[in-house]
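Colleague: Chain by chain, the residues:
Protein chains: 2
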Amino acid sequence: MDTREIDTRNYTALLKKYIETQDEQALYGAEQISKSFIKKNILPEEFVNLHIQALLEIYPDLHDKIKPSMHFLLEAMISYGLAHQEFQNLREKQL
Amino acid sequence: MDTREIDTRNYTALLKKYIETQDEQALYGAEQISKSFIKKNILPEEFVNLHIQALLEIYPDLHDKIKPSMHFLLEAMISYGLAHQEFQNLREKQL
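These protein sequence lines map, in sequence, to chains A and B. Numbering follows the working numbering, with no gaps: position 83 of the first sequence is 83. Numbering follows the working numbering, with no gaps: position 58 of the second sequence is 58.
It cannot be assumed that every hint is accurate.
Taking lysine-lysine and the PhoX-like style, the derived pairs with C-alpha atoms no more than 25 angstroms apart in a straight line are [to be verified]: (1) B:LYS93 with A:LYS93; (2) A:LYS17 with A:LYS93; (3) B:LYS67 with A:LYS65; (4) B:LYS17 with A:LYS93; (5) A:LYS17 with B:LYS67; (6) B:LYS65 with B:LYS39; (7) A:LYS35 with B:LYS35; (8) A:LYS16 with B:LYS39; (9) A:LYS65 with A:LYS40; (10) B:LYS39 with B:LYS93; (11) A:LYS93 with A:LYS35; (12) B:LYS65 with A:LYS65; (13) B:LYS93 with A:LYS39; (14) B:LYS93 with B:LYS16; (15) A:LYS67 with B:LYS35; (16) A:LYS67 with B:LYS16; (17) A:LYS65 with B:LYS17; (18) A:LYS16 with A:LYS93; (19) B:LYS65 with A:LYS67; (20) A:LYS67 with B:LYS17; (21) B:LYS67 with A:LYS67; (22) A:LYS35 with A:LYS17; (23) A:LYS39 with A:LYS17; (24) B:LYS17 with B:LYS67; (25) A:LYS65 with B:LYS16; (26) B:LYS35 with A:LYS17; (27) A:LYS40 with A:LYS93; (28) B:LYS93 with B:LYS40; (29) B:LYS67 with A:LYS16; (30) A:LYS35 with B:LYS67.
Hints were generated in silico from the structure; no laboratory data involved. These numbers come from a predicted model, not from an experiment.
Isolated chain A (complex conformation) (with noise of 0.2 angstroms):
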C-alpha cells in the first residue's frame, strides 16, 4: 500500500467518523490531517480529490450526484493550488 493509499484511507475513516458522531475531536482530525498534507506538499485540489474518492466510497448510491458535483469544485480549487505552489516558490526563493 502506497502512502497515497494510506492518507486515502485515513481520511476516509476521519471523515466516516466524523459523519456517524460529529463530534469536535473527529473535526480536529481534519484539521491534523489538512496541516500534514501540507507539509507533504499536496495541493488543495489534491485535497479536493482525496474527499471525492472518500465520500464516492461512504456514499456508494450517491455517485451519480457526488461526481460532476464535487468534480465542479476540484476543477475551481486547481486555480487556488497554483497560488499555493506560487507561494511554496516564493517561500523557498526566501529561505
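Chain A is already provided as a structure; the job is to place chain B on it using the hints.
Modeller: Same frame as chain A, but now just chain B:
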C-alpha cells in the same frame, strides 16, 4: 443584494448548468469564477463554503448527508486558507 449573494447565485447557476450538461464550457466557468474569487481575496475555505450553499440549494433532499461531510472538508481547508493568507502577506511585502 450584496456582492457575496451575487457570487453565490452566479456560482450556483454555473454549478447547476454543469451538473445538467457536464460540458467543458460550464467547467471553464469554474476556472474563471475561482480566479476572480482569488483576486477578491476569497479564501479556499470560503470557496468551499459557497460550494456547500450551492449544493444544498441544488440537492435540498441531501441536506443530512451534504452538511456533515462537507463541513469536514471545510474544516480541513482552513489550513490551506492560512497558508494562502501567508502567501498573500509574503507577496505584499515583496511588492
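Colleague: Holds or violated: are the alpha carbons of LYS65 (chain B) and LYS65 (chain A) at most 25 angstroms from each other?
Modeller: Judged against 25 angstroms, a Cα distance of about 12 angstroms means the pair holds.
Colleague: Straight-line Cα separation of LYS93 (chain B) and LYS39 (chain A) no greater than 25 angstroms?
Modeller: holds (23 angstroms)
Colleague: Is it true that the CA of LYS35 (chain A) sits at most 25 angstroms from the CA of LYS67 (chain B)?
Modeller: With a Cα-Cα distance of about 22 angstroms, the restraint between LYS35 (chain A) and LYS67 (chain B) holds, given a limit of 25 angstroms.
Colleague: LYS67 (chain B) and LYS65 (chain A) were given as a pair; does the straight-line alpha-carbon distance stay at or below 25 angstroms?
Modeller: Distance of about 15 angstroms is within 25 angstroms: holds.
Colleague: Would you mind confirming whether the straight-line C-alpha gap from LYS93 (chain B) to LYS93 (chain A) stays at or under 25 angstroms?
Modeller: Measuring from Cα to Cα gives roughly 14 angstroms; hence the hint holds.
Colleague: Taking only the CA atoms, is the gap from LYS67 (chain A) to LYS35 (chain B) under or equal to 25 angstroms?
Modeller: At roughly 22 angstroms apart (the allowed maximum being 25 angstroms), LYS35 (chain B) and LYS67 (chain A) satisfy the hint.
Colleague: Does LYS67 (chain A) sit within 25 angstroms of LYS65 (chain B), going by the straight-line distance between their CA atoms?
Modeller: holds (15 angstroms)
Colleague: Measure nothing beyond the straight line between the CA atoms of LYS39 (chain A) and LYS17 (chain A); if it is 25 angstroms or shorter, mark the hint as holding.
Modeller: With a Cα-Cα distance of about 24 angstroms, the restraint between LYS39 (chain A) and LYS17 (chain A) holds, given a limit of 25 angstroms.
Colleague: Take a quick look at whether LYS39 (chain B) and LYS93 (chain B) sit within 25 angstroms of each other, Cα to Cα.
Modeller: holds (17 angstroms)
Colleague: Run the distance test for LYS65 (chain A) versus LYS17 (chain B): straight-line Cα separation, threshold 25 angstroms.
Modeller: Distance ~13 angstroms between LYS65 (chain A) and LYS17 (chain B) Cα, so the pair holds.
Colleague: Given the hint that LYS67 (chain A) pairs with LYS16 (chain B), does the C-alpha gap stay at or below 25 angstroms?
Modeller: holds (13 angstroms)
Colleague: Is LYS35 (chain A) close enough to LYS35 (chain B), meaning Cα to Cα at most 25 angstroms?
Modeller: holds (24 angstroms)
Comparing the model with each numbered hint stated earlier shows that hints 2, 4, 6, 8, 9, 14, 18 and 26 do not hold.
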